[in-house]
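Sequence order for the protein chains is Y and Z.
Position in the first sequence counted from 1, then plus 13, gives you the numbering used here.
Position in the second sequence counted from 1, then plus 3, gives you the numbering used here.
Honestly, I wouldn't trust all of these hints.
[Claimed, not checked] DMTMM-like cross-link-like pairs, simulated, lysine to aspartate or glutamate; straight-line CA separation at most 25 Å:
(1) Y:Lys147 x Y:Glu117
(2) Y:Lys147 x Z:Glu180
(3) Y:Lys147 x Z:Glu42
(4) Z:Lys260 x Y:Asp85
(5) Y:Lys147 x Y:Asp180
(6) Y:Lys147 x Y:Glu174
(7) Z:Lys260 x Y:Asp75
(8) Z:Lys260 x Z:Asp204
(9) Z:Lys260 x Y:Asp89
(10) Z:Lys260 x Y:Asp180
(11) Y:Lys147 x Y:Asp130
(12) Z:Lys260 x Y:Glu174
If you are wondering where the hints come from, they were derived from the structure by calculation, not from laboratory data.
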Amino acid sequence: MDPRADSAALDVSGLVKRFGSTTAVDGLDLRVARGTVFALLGPNGAGKTTTVEICEGFQRPDSGTVRVLGLDPVADSARLRPRIGVMPQGGGAYPGLRAQEMLELAASYAASPLGVDWLLHELGLWDARRTIFKRLSGGQQQRLSLACALVGRPELVFLDEPTAGMDPQARRLVWELIGALRADGVTVLLTTHLMDEAEQLADRVMIIDSGRVLTEGSPNELTSRDASCRTLTFRSRAGLSLELLSGALPESCTAVEPSPGNYLVEGEIDPQVVSTVTSWCAQQGVLADELRVGRRGLEDVFLELTGRELRS
Amino acid sequence: MSGRFAEGAFRPAPGRAPLGSMLLAQTRAETRLVLRHPEQLLLNLLIPMALLVGLSLLPLLSLPEPRVDSVAPRILALAVMSSAFTGQAISLGFDRRYGVIKRLAATALPRWLLVVGRVAAALIVVAAQLVVLGVLALLLGWQPAASGLVAAVVLVVLGTLAFGALGVLLGGALRAEVVLALANVVWFVLLLAGGIIVPLDQLPAGLSAVVSWLPSGALAQGLQSALAAGGWPGWHPVAVLAAWGAAAGLLASRTTKLA
Numbered sequence: 014m015d016p017r018a019d020s021a022a023l024d025v026s027g028l029v030k031r032f033g034s035t036t037a038v039d040g041l042d043l044r045v046a047r048g049t050v051f052a053l054l055g056p057n058g059a060g061k062t063t064t065v066e067i068c069e070g071f072q073r074p075d076s077g078t079v080r081v082l083g084l085d086p087v088a089d090s091a092r093l094r095p096r097i098g099v100m101p102q103g104g105g106a107y108p109g110l111r112a113q114e115m116l117e118l119a120a121s122y123a124a125s126p127l128g129v130d131w132l133l134h135e136l137g138l139w140d141a142r143r144t145i146f147k148r149l150s151g152g153q154q155q156r157l158s159l160a161c162a163l164v165g166r167p168e169l170v171f172l173d174e175p176t177a178g179m180d181p182q183a184r185r186l187v188w189e190l191i192g193a194l195r196a197d198g199v200t201v202l203l204t205t206h207l208m209d210e211a212e213q214l215a216d217r218v219m220i221i222d223s224g225r226v227l228t229e230g231s232p233n234e235l236t237s238r239d240a241s242c243r244t245l246t247f248r249s250r251a252g253l254s255l256e257l258l259s260g261a262l263p264e265s266c267t268a269v270e271p272s273p274g275n276y277l278v279e280g281e282i283d284p285q286v287v288s289t290v291t292s293w294c295a296q297q298g299v300l301a302d303e304l305r306v307g308r309r310g311l312e313d314v315f316l317e318l319t320g321r322e323l324r325s
Numbered sequence: 004m005s006g007r008f009a010e011g012a013f014r015p016a017p018g019r020a021p022l023g024s025m026l027l028a029q030t031r032a033e034t035r036l037v038l039r040h041p042e043q044l045l046l047n048l049l050i051p052m053a054l055l056v057g058l059s060l061l062p063l064l065s066l067p068e069p070r071v072d073s074v075a076p077r078i079l080a081l082a083v084m085s086s087a088f089t090g091q092a093i094s095l096g097f098d099r100r101y102g103v104i105k106r107l108a109a110t111a112l113p114r115w116l117l118v119v120g121r122v123a124a125a126l127i128v129v130a131a132q133l134v135v136l137g138v139l140a141l142l143l144g145w146q147p148a149a150s151g152l153v154a155a156v157v158l159v160v161l162g163t164l165a166f167g168a169l170g171v172l173l174g175g176a177l178r179a180e181v182v183l184a185l186a187n188v189v190w191f192v193l194l195l196a197g198g199i200i201v202p203l204d205q206l207p208a209g210l211s212a213v214v215s216w217l218p219s220g221a222l223a224q225g226l227q228s229a230l231a232a233g234g235w236p237g238w239h240p241v242a243v244l245a246a247w248g249a250a251a252g253l254l255a256s257r258t259t260k261l262a
């Protein structure tokens, strides 16, 4: 048996990081098993990037221990860096180098890199290979950055918002690629705002806010913790008075308008509740568009834990 | 999820390339970036060439004949200052903006090799500039003193390192736009009043005393002494350049930010 098999790819405990008077990471524990995909979710400013950058060795923790592939990312940086791949948020390349030249440069640091031409083809960058980095589109820059993170055949990759700025086709491609990495035994830590991304890709998901862990588990565990709880959503005219509806619903159900014109009823949704909602709509003289009953998704769990208000 | 990628395509096989091949790749990339950039070409070659021809042929300043013997060494100093200081600062400022320094700092490339690659590229670019400008000066009738060539090479290397360290100090600490503005302003001020266009001994007495302690004044004066009179230019320019280089290098190693 591989002696390293039982050691985690990433083992963080009691991590604290302060910037002046703000605490960006506040006692975070995180363990990622080898060969799995782990998604770190959280609103803007939750501490995702700070956590990832500490694991990459860019920042020193104020307290707590961090072990990446069994190594200290700051003290053992020279030994660790050949073994990891990093895709920083917003890319990272020489603005004046062509896509192919940048990837060749990244490949030149590795002992047995992936084929540069092959990667350019697979990531849909072949036609843009002679374009300098700063003239690539946002999505192309992201894909090149991803290619640079993978070209050295790392054991562990950090992907900070890998699909930000990508069109749906590119996003699908990246999802497939992350699936292939996992199948080949590469450990992936990714941060994302996209709940469907986390739900589709991740073996485990952690939701953090204000530098603290709110919940952790497999996507299935997180969404089925409260099995009887379902959601009913519909669209209609904005600003309908929910007072009457709330009065007519059973106590286990709540009705809110999370954004103008989008209505959400949560709780034990049974046929009677659906009927109550539609008759209320009839009373208001409106039609319930896109009426849908569903199980709670990761997005519902996320919003429940981190709040629905928009933050500045 | 499968199909698109063959099984095992991404099987981990981490490891670092040999240092020599990393250094070669890094130096080649950095050199290519400078040579490709049109603004750098203007700053590094076209302006020095125009000044070399203009100051040598037109009676703009009172200079001893042949004028080119006085002008050429100072233009060589200008070329070093342009690429090693202004060019370096601006490119580092924008490289940081585009996140490349951070990206490279997370790869297997050791950080000292990143610096060595940049220094090697700077020396290659300076060598190319000096060949072009030197040939042009020879065509204009320049007759450098052969006995001062070794000293000139030493001064050029020291000057490249000192100006390069100052460029990194500036480009590594501030926002790209601020770097762009400051690097050009400093270049222009040193061009006019730093011993480049006007020789040190023609500046007002107080100013020339100060300028002889600046890297531009020290390099221009040192090169002029070595290439016009020949021999060793004395300890002063060497010490001034070494001190600026060491101070800027030390400070830059503390202030340079990755992004």
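Earlier hints that do not hold, by number
8, 10
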